[in-house]
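Please model the entire structure based on the sequences and the hints provided.
What follows is the residue order along each chain.
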Amino acid sequence: MGVIRAFKRNFSDLFKKLFKKQNARIGIYGPPNAGKTTLANRIVRDWTGDAMGSVSHIAHETRRARRREGVTINTNGSSITLDIIDTPGLATKIDFHEFMEQGMDEAESKRRAKEATEGVIEAVKWLENLDGVILVMDATEDPFTQVNVTVIGNMEARSLPLLIVANKVDLAEASPSTIRDAFPQHPMVSISALEGKNIETFYEELAKRFG
Amino acid sequence: MIPMQGFQMDLVSEHRLSTMSPVEKVRFIIDEVKSGKILVLEKGLSPEEEAHLIEMTMTLIEPDGFSGIEMESYPSEVDTSFIGKILKKNALKSRLTVIGPADQLKTLKKDRDMISALISTTK
Ligand SMILES: Nc1nc2c(ncn2[C@@H]2O[C@H](COP(=O)(O)OP(=O)(O)OP(=O)(O)O)[C@@H](O)[C@H]2O)c(=O)[nH]1
Ligand SMILES: [Mg+2]
Chain P
11 MGVIRAFKRN FSDLFKKLFK KQNARIGIYG PPNAGKTTLA NRIVRDWTGD
61 AMGSVSHIAH ETRRARRREG VTINTNGSSI TLDIIDTPGL ATKIDFHEFM
111 EQGMDEAESK RRAKEATEGV IEAVKWLENL DGVILVMDAT EDPFTQVNVT
161 VIGNMEARSL PLLIVANKVD LAEASPSTIR DAFPQHPMVS ISALEGKNIE
211 TFYEELAKRF G
Chain Z
189 MIPMQGFQMD LVSEHRLSTM SPVEKVRFII DEVKSGKILV LEKGLSPEEE
239 AHLIEMTMTL IEPDGFSGIE MESYPSEVDT SFIGKILKKN ALKSRLTVIG
289 PADQLKTLKK DRDMISALIS TTK
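For the record, the sequence lines run as chains P and Z.
Residue numbers 11 to 221, in the numbering used here, belong to the letters of the first sequence in order.
Residue numbers 189 to 311, in the numbering used here, belong to the letters of the second sequence in order.
You may find that some hints are simply not true.
Here are the computed lysine-lysine pairs in the BS3-like style, where the Cα-Cα straight-line distance is at most 30 Å [claimed, not checked]:
#1 124(P) x 297(Z)
#2 124(P) x 222(Z)
#3 294(Z) x 135(P)
#4 231(Z) x 135(P)
#5 135(P) x 124(P)
#6 124(P) x 294(Z)
#7 135(P) x 225(Z)
Computed footprint of chain Z on chain P, listed as stretches where at least three residues anywhere in the stretch have a Cβ under 8 Å from a Cβ of chain Z [as the list claims (entries may be wrong)]:
#8 100 to 114
#9 125 to 133
#10 204 to 216
I should point out that these hints are in silico values taken from the structure, not numbers from a laboratory.
For every residue, glycine included, the Cβ atom is placed at its ideal position computed from N, Cα and C.
Now the structure itself:
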């Protein structure tokens with residue numbers, strides 16, 4: 011009897027694998043320190059009760075991509091289930107001296123730099139396996155960086171949906187309109203991932219873009 | 189006479205790059221930049237090539253050696269021409285790009301239509 015039951019279970023698992031529509035995979039991208047993990051933590055906490063990863067004011071805190079599968083978001087009567095991937099901050103340069111300036115010793119700084127370069131490679135590789143991107147920018151910083159241009163270009167080239175997040179609007183220097191003017195062809199939401207400001211609008215936009 | 193202090197800047201025509209495969213382009217750029225040159229590419233790279241260049245840069249970074257590149261291109265323009273619409277894939281028009289060693293090239297200011305950079309002659 012046990013054999014039959016096991017067979018049934020295996021069969022139903024296989025059936026699910028074959029016919030269940032795969033969740034859309036959404037990558038959270040952006041320069042180091044933009045607030046990607048803070049946002050990922052908020053999404054995952056709001057909808058599953060867990061956390062995603064550690065946050066730090068020192069750049070390149072995330073040095074490995076992390077995936078959280080099956081996050082179901084309910085907004086405005088609609089519901090979407092996504093796989094959320096928090097990626098390491100993208101950069102074109104990494105200098106370990108910057109970490110030493112933050113108070114880390116030389117060995118630790120060099121290790122962090124090495125891991126950070128590997129993290130960037132991982133983030134770039136993930137770009138090819140996504141169905142959409144949330145591009146997080148620090149609204150107190152200049153949005154015209156190479157990293158932003160390259161991520162947007164890759165999404166446009168493959169006609170994949172993109173949602174720009176102007177983060178840190180709780181800070182007085184934040185200028186989300188600069189971001190909107192820089193990339194007018196893509197939808198943008200201004201939020202504070204830290205304080206949760208405007209997060210409802212963000213979820214609605216998420217469902218609209220990736221649903 | 190004091191020998192002239194400076195850096196080499198190469199202006200690379202669209203034609204020069206168009207004869208190279210994507211792998212060759214990335215290799216060419218990395219080799220030039222690692223040797224301390226600053227490149228101005230007339231036509232820039234495709235977004236995929238930019239991503240590949242970033243990956244390659246990361247593999248070559250060394251403590252107290254090469255610390256990476258500074259790269260600045262304009263946001264590409266989506267080709268809205270008739271031909272562009274016929275082709276299913278979004279045709280992107282890439283634009284002028286400046287690439288140099290991170291320890292020598294600093295972007296001062298950039299907007300949709302203007303890049304302003306500072307080149308340092310001392311490392
Ligand atoms: N004021 C303010 N600070 C924020 C906000 N979001 C994130 N931060 C802070 O910004 C810093 C970086 O946040 P992270 O979430 O680690 O940023 P990240 O983009 O994941 O960074 P990396 O993993 O290093 O690429 C931390 O000190 C956060 O507390 C925000 O909405 N407002
Ligand atoms: Mg992070």
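Now the hints, each set against the structure:
1. Between residue 124(P) and residue 297(Z) the alpha-carbon distance is near 29 Å, which keeps this suggested pair within the 30 Å criterion.
2. Distance restraint check for residue 124(P) and residue 222(Z): the Cα-Cα separation of roughly 18 Å lies within the 30 Å cut-off, and the hinted pair is therefore satisfied.
3. Distance restraint check for residue 294(Z) and residue 135(P): the Cα-Cα separation of roughly 27 Å lies within the 30 Å cut-off, and the hinted pair is therefore satisfied.
4. Under the criterion of a C-alpha separation no larger than 30 Å, the hint pairing residue 231(Z) with residue 135(P) is consistent with the structure, at around 25 Å.
5. Restraint check for residue 135(P) and residue 124(P): the C-alpha separation of about 17 Å stays at or below 30 Å, so the hint holds.
6. At most 30 Å may separate the alpha-carbon atoms for a hinted pair to count; residue 124(P) and residue 294(Z) meet this at roughly 23 Å.
7. With a C-alpha separation of about 28 Å, the suggested pairing of residue 135(P) with residue 225(Z) holds against the 30 Å cut-off.
8. Coverage of a stretch by a chain is defined here by at least three residues with a beta carbon nearer than 8 Å to that chain's beta carbons; for the region 100 to 114 of chain P and chain Z the count is 7, and the condition holds.
9. A count of 4 residues in the region 125 to 133 of chain P with a Cβ less than 8 Å from any Cβ of chain Z is obtained; the coverage claim is therefore met, three being the minimum.
10. With a cut-off of 8 Å between beta carbons, the region 204 to 216 of chain P has 0 residues touching chain Z; three or more are needed, and the interface restraint is violated.
Going down the numbered hints, you'll see the structure goes against just number 10.
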